[in-house]
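Heads up: the protein sequence lines correspond to chains A and B, in order. First residue of the first sequence: 1221, per our numbering; consecutive thereafter. First residue of the second sequence: 65, per our numbering; consecutive thereafter.
Mixed in with the good hints there might be a few duds.
[To be verified] DSS-like, lysine-lysine: derived pairs with alpha carbons at most 27 Å apart: (1) A:Lys1365 <-> B:Lys312; (2) B:Lys312 <-> B:Lys247; (3) B:Lys214 <-> A:Lys1602.
[As the list claims (entries may be wrong)] One-sided and incomplete, this derived list gives chain B residues near chain A with beta-carbon spacing under 8 Å: (4) Asp193; (5) Val309; (6) Pro315.
[Said to hold, decoys possible] Going by beta-carbon spacing under 7 Å, a handful of chain B positions derived as facing chain A: (7) Leu150; (8) Gly190; (9) Glu256; (10) Leu257; (11) Ile305; (12) Arg318; (13) Pro320; (14) Val323.
It should be emphasised that the hints constitute simulated quantities derived from the structure, not laboratory data. Each residue gets a CB set at the ideal place from its N, CA and C atoms; glycine is no exception.
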Amino acid sequence: MFIDAKTCSQLSFCADVVIVGGGAAGISLALSLLDTPLSVLLIESGNRDDDPDVQALYQGEVTDPRRHSPLDTYRQRRWGGSTTIWGGRCMPLDPIDFEHRAWADFCSWPIGHEDVLPYYPAANRLCEAGEFNYDHDSVFPALSKPLVSSYHPEAFTHTQLERFSCPTDFGKRYHHLFEQSNNVTVLLNANLTQLELDDAQQHVIGLAVKTLTGKTLRVKGSQFVLAVGGLEVVRILLNQAGASGQGLGNANDLVGRFYMCHLAGTIGRISFKPGVEVWHGYDVAPEGVYCRRRFALKESVQRERKVGNFVARLHHPRIDDPQHRTGILSALLLGKYFISYEYGKRLESLGGVKLASYFRHLLNVFTDMTGIIRFLTHWMMKRSLAQRKFPSVIVRSRAQQYSLDFHAEQLPNFHSRVTLADERDALGMRRLNVDWKYLPQDVKTVDVALALFKNELEQQNLACFDYDPATIEAEMTRYGAYGGHHIGTARMGVGPADSVVDANCRLHEVDNLYVAGSAVFPTSSQANPTLTIVALALRLGEHLKQQCADRVQGRAR
Amino acid sequence: MNEQKHRVVVLGASGYVGRHVMRALANEQTLAAVAVSRRADARFAAAEVLVGDATDVHFLTAAIRDASVVVNLISGSEEAIRTSALALYGALEAVRGARTGAASVSRDLPLVIHFSSMAVYGERQGLIDETSPLTDGLDGYARGKVAAEKILTAWPQTVIFRPGCIVGPGSPQWSTRIVALLKQRRLGDLGELGDGWSNIIDVQDVVQTLLAVIEQADSVRQPAVYNLAMPDAPTWNDYFIGLGVAAKAVPIRRIPPRVLMLETKVFSLPLKVIEKAAFRLNLKPFQSWYAITPSLLRLWQRRLRLDTTALDRFRVRWTPVAEVLRRSAAAPNRKDA
């Protein structure tokens, strides 16, 4: 059932489980509690559609705008959350991501890969990414297209897949299940402004919820979950005094620290030798899901070279270099102002097009009209009109030239931080300031991985990989922190000295307040976070069901 | 006729479930299977066949006179279901009268195992157990099933099964038809329109459950009702995707809602006419052009989940989902079809 907080006459609500936030984490958690004896209230700030006034609540400050996108981009404050704009790439975290890595500080989870693994298949289903199988050879046993023919990887694996969601807008996709539900109520246009705690500040009694029209509602509950995203959770916790007086859960000054994204970039020119076959596009799994192979740095190499996790894919040549002679790439560059911020940012960062280049790009467009028409037809049929959308621009290079698109782990950095700014939003809550920082070790990860990749391609006489090692840091920060992945700000750990939440995602300081989302990841992995966000939300759902069952049993005794 | 064997009379033995039941009974050493069928050409291995009308009380009375168990698999229209249940009840009463007056008064009265349907729950959603009241305002088939249940629960030794969708090799409704639609790429991943619970059950699990009930026949002293579905039955989407992969109807297509609307609102009626004509005229190429009717689409969205915990007492070893999909996708052999 959906209720609009702005128009409803009811001013107080009560539920066994109260979830704040209707994005990937909140919706997945609520779905795991559907049709159970528990009463569940999901509070969502936005509505079904985009509302600029609601979205403006996300605005905040960025210490260095070159390094981090504005805080109201890549995040959507509405029903469905950021799944309304995500790209759909799904992949699980690797076992090494959970391990204690002695060569890097703060790399340790209180749970292992095996604790999350049971929840990945269901997470895959919710993301509509097909079967939980990320091994190319077992998904495509008969597919003969090699990623790079005759390539025998040593430092990398090339059989790992990434799978793509539709991309599924969780709000739209699962809306009907909540509409029909008897035990889950969704309260829209409702903004959490205050957590009401007991005298000892160790137990949440209720929430104060406000609408942008000035109405206040009260919510009581037994268990509370903040599923508001990796940045907003910091804002909510720090806007509370908590027992320490410096923010809820923040007695040890850890809330908002270790803020990680991913380090991504496109670098160099890979020129494959004649006769080397390359397939860098998508394959379709039997379930109809788009899949793509990538090069992943082996765990043994990560340990040996003391670097973070790293994956890379072959990419079309640099778009701003008209020598690619590809009409659609030139058209994309010339039309970059018509592409949304989140997807056009990479093109934006290339800067303005010089006059000479401009004409050469125009020439590319006019001489490759058939290529453009073919691309646009495919794009319209397989993306614009399709329910399951072709995931990204794939352009085959006639000259056998590619660049390398990489996605690397950012290691936890104590000084990469999200704090409160002085300015307040329309509801009176202080906004955020983001001071994102990376470590020299992060540059080393990319540096080592690229050198190994170059070495393998060239030693096996497959290609020349030209890039300037001196430009690695500039390339990996060209777009700043990889947008949309907000990780580690309420990290999971064994105790309050090293973390904000415990292995069950419960605040160490408060006995009935949980955090769902990538804020709890102690490390960022190479993987996009959504699939693991969903898996951990389902795991939290199991825990909450068990907690409630234990409580009922306790009462019966 | 072996006097030691208990006679199990199967009404509607020529149907899909009936044939599987007959085959299983043929392998039971202590049971003598008797098939009741309207079809004069009905043949079953190691079984007596009685050809006749299951709505005829006199015929039925004779058919079940010495029966230990009567399995009622009669389906069809509301009228057919209701009248056959009335006839069966009449025959049971006649048998009771005969046995009371005879020397064999101490013999147990026949156990009736009646196959109803989850349709009796109407449009209800959520987890439904057998205590859930039956609803009014149902379609003809469901009304017939409700009426039959009411009639037959007046008989004390009755077990009623409310099965979900029975799948298996050659299951015309839920395997053959679905595989054909998947291969035609008219069915696939339906998104939110396929989120309903399938409540499927493999026909071999239906038969195993039935045999378990027969084994415990002596303990039935009052009417008992059981939902019948596999405990971890998937959603329709998961069933379609899994079945499509198993049947190699890949890659599975994501079907947009607008396409399904066209199927149900524009093509369904003419296709239904073609389907019926093709079967009547034995035009094989057209027989697989099944209609996707509005009621099918409603079923695929329905969030009714049969609670099957009551079946635990029969200790049936459920066929795993992967095996169910493999069996359902397999081309039926002559016995199954």
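Comparing the hints with the structure gives:
no., hint, result
1, A:Lys1365 <-> B:Lys312, "20 Å, holds"
2, B:Lys312 <-> B:Lys247, "8 Å, holds"
3, B:Lys214 <-> A:Lys1602, "54 Å, violated"
4, Asp193, "13 Å, violated"
5, Val309, "5 Å, holds"
6, Pro315, "4 Å, holds"
7, Leu150, "37 Å, violated"
8, Gly190, "6 Å, holds"
9, Glu256, "5 Å, holds"
10, Leu257, "9 Å, violated"
11, Ile305, "5 Å, holds"
12, Arg318, "4 Å, holds"
13, Pro320, "5 Å, holds"
14, Val323, "9 Å, violated"
The structure shown violates the earlier hints numbered 3, 4, 7, 10 and 14.
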